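Protein chains: 2
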Amino acid sequence: MTDATAVADYVRARRAEVDALLWDLLPGPPDCPLSLAEAMRYSLTAGGKRLRPVLCLASADAVHGDREAVLPAACAIELIHTYSLIHDDLPAMDDDSMRRGRPTLHVVAGEGMAILAGDGLLTEAFHVLAGVNGDPGRVLRAIQLIAAAAGPVGMVGGQVIDLASVAPNLQDRAASPLDADGLAAMHAKKTGALIRAAAAVGAVLGGGDEAQIAAIDTAGAEFGLAFQIVDDILDVEGDAAELGKSPGKDAAAGKPTYPAFYGIDQSRAMANACIARASEALADAGLGESWLLGIGRWIVERRN
Amino acid sequence: MTDATAVADYVRARRAEVDALLWDLLPGPPDCPLSLAEAMRYSLTAGGKRLRPVLCLASADAVHGDREAVLPAACAIELIHTYSLIHDDLPAMDDDSMRRGRPTLHVVAGEGMAILAGDGLLTEAFHVLAGVNGDPGRVLRAIQLIAAAAGPVGMVGGQVIDLASVAPNLQDRAASPLDADGLAAMHAKKTGALIRAAAAVGAVLGGGDEAQIAAIDTAGAEFGLAFQIVDDILDVEGDAAELGKSPGKDAAAGKPTYPAFYGIDQSRAMANACIARASEALADAGLGESWLLGIGRWIVERRN
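In order, the protein sequence lines correspond to chains A and B. To convert, take the position in the first sequence, counting from 1, and add 1229; that gives the working numbering. To convert, take the position in the second sequence, counting from 1, and add 1229; that gives the working numbering.
Misleading hints may appear alongside valid ones.
What the hints assert, rightly or not - Facing chain A, from chain B, some residues (calculated, C-beta under 8 Å):
1) Thr1352
2) Pro1365
3) Ile1493
Worth flagging that the hints you see were computed from the coordinates, not collected in a lab. Given the structure is predicted, the values throughout are model-derived calculations rather than measurements. Note that CB positions come from ideal geometry on N, CA and C, so glycine has one too.
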């Protein structure tokens, strides 16, 4: 059930469901200005892997939930991920002009519109989440999980630490070069938290019991860490065509990375260890036969 | 009950409750980076009128709701208002260096931090909202109202229209100079929607019935329009000490304003007409004796 081809088929099918809904999920004219609607869709349809929503749907499947009811929440998480990319790419942040092989939004629409399109995607995500069909208590729990993962103690906080680690003139009195533990903590917030929340939310909205939710939360945290380790490896190994952004940019910017601390081979072993721990947690909760583990392996074995 | 002194006392008491909770509501170290926690609080404690949360609490009172239970939601709306000021002040937007008599956040903390502090406040607002004590269905309805008011069909959309009206090189194919109707529509989104939602959410979370919620929603829309008309008048009449920002800046920037279209006297008459319509709606729903009307008058008669 979880051989690589079957997983690839499963991922492709879920991604198609996500892509189909994402387009229709966002408001358009006359309620929403045309330029804003276009800006949001420009970044949203730039061809991401949809890792977070696919993971969310796989979690719902793992607890035998109603995947269709969870789909809008899965898409809302992708809206949040997309907003974070837009804002991270801004000149005042990472100053990236290319993303997923296309010019970044501020390059084509201006900085003001890029900031607003990000704000719009983030806000609309919570509009979508609050409208999810399901037990209202579980929907509120999902919103809390996602907001915590995306906010000051999660993704936004991680980006602040990341920014401070390369720009010590940023007014962060606590800023100092990241060591290996600091790197892991930063990534747990910046990238890991939302991936983990995507997994947990699928289990919450899918009707999982507390043991299932806890196991999937653990697996989601491991997947998030593995994702970032592999991202760092690909940044060193990749070429521009594969990665869709300038390779070696992080290393060149003096950003701390897993290969820089541990070397490529040990970094890869660390990513595999994440999947092994996730496998154990899932098996203990009777979820070993779900698609989740296969998705974890897909994260580690991906080439972009 | 609603004479000006009593209203001022009521507003002062509610504002104190809001200010007391706002400080504690935001996360701090070690979960949230210190610099981010400081940046968010810098803008949040810059001494705003707290119009939106006070209005929200007055609505809860009007329907005899549990004001204490509504307080976190009222504060969450202020978080969203504060985020919008931070982002609107950025160089890529209105490029304001002063706000409420102090340097704006990007001036003191840098653009990257200002963008992130705004993102953090917006996201944390939904974290707070999802944790509100109350009927889960009503809490979800409140989140939907607020997200719609703050998002692409509301405040963010209004800011896009506003930006396009003074920067026609922004890529808005629909952009053209605003006429009087366009001005009203822009403000209904940019400023009015969140004020209106603040009023409605107080009624929703306070346990109001549908007739009460509808009347308060109507009054909130009128208050939002009156607020903007008076803001435009103050911008023309005010001096820097009173307004805490550069007076006449909107007019100088060629931004459309109510006094520019209608003159000062007619603008003031229009603001009074808003309050009259709100009064009628509230009276029809048996809410004429609430504090809401007094707050409407306070909005129109304020001097800053």
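Evaluated hints:
no.	hint	in the structure
1	Thr1352	4 Å, holds
2	Pro1365	4 Å, holds
3	Ile1493	30 Å, violated
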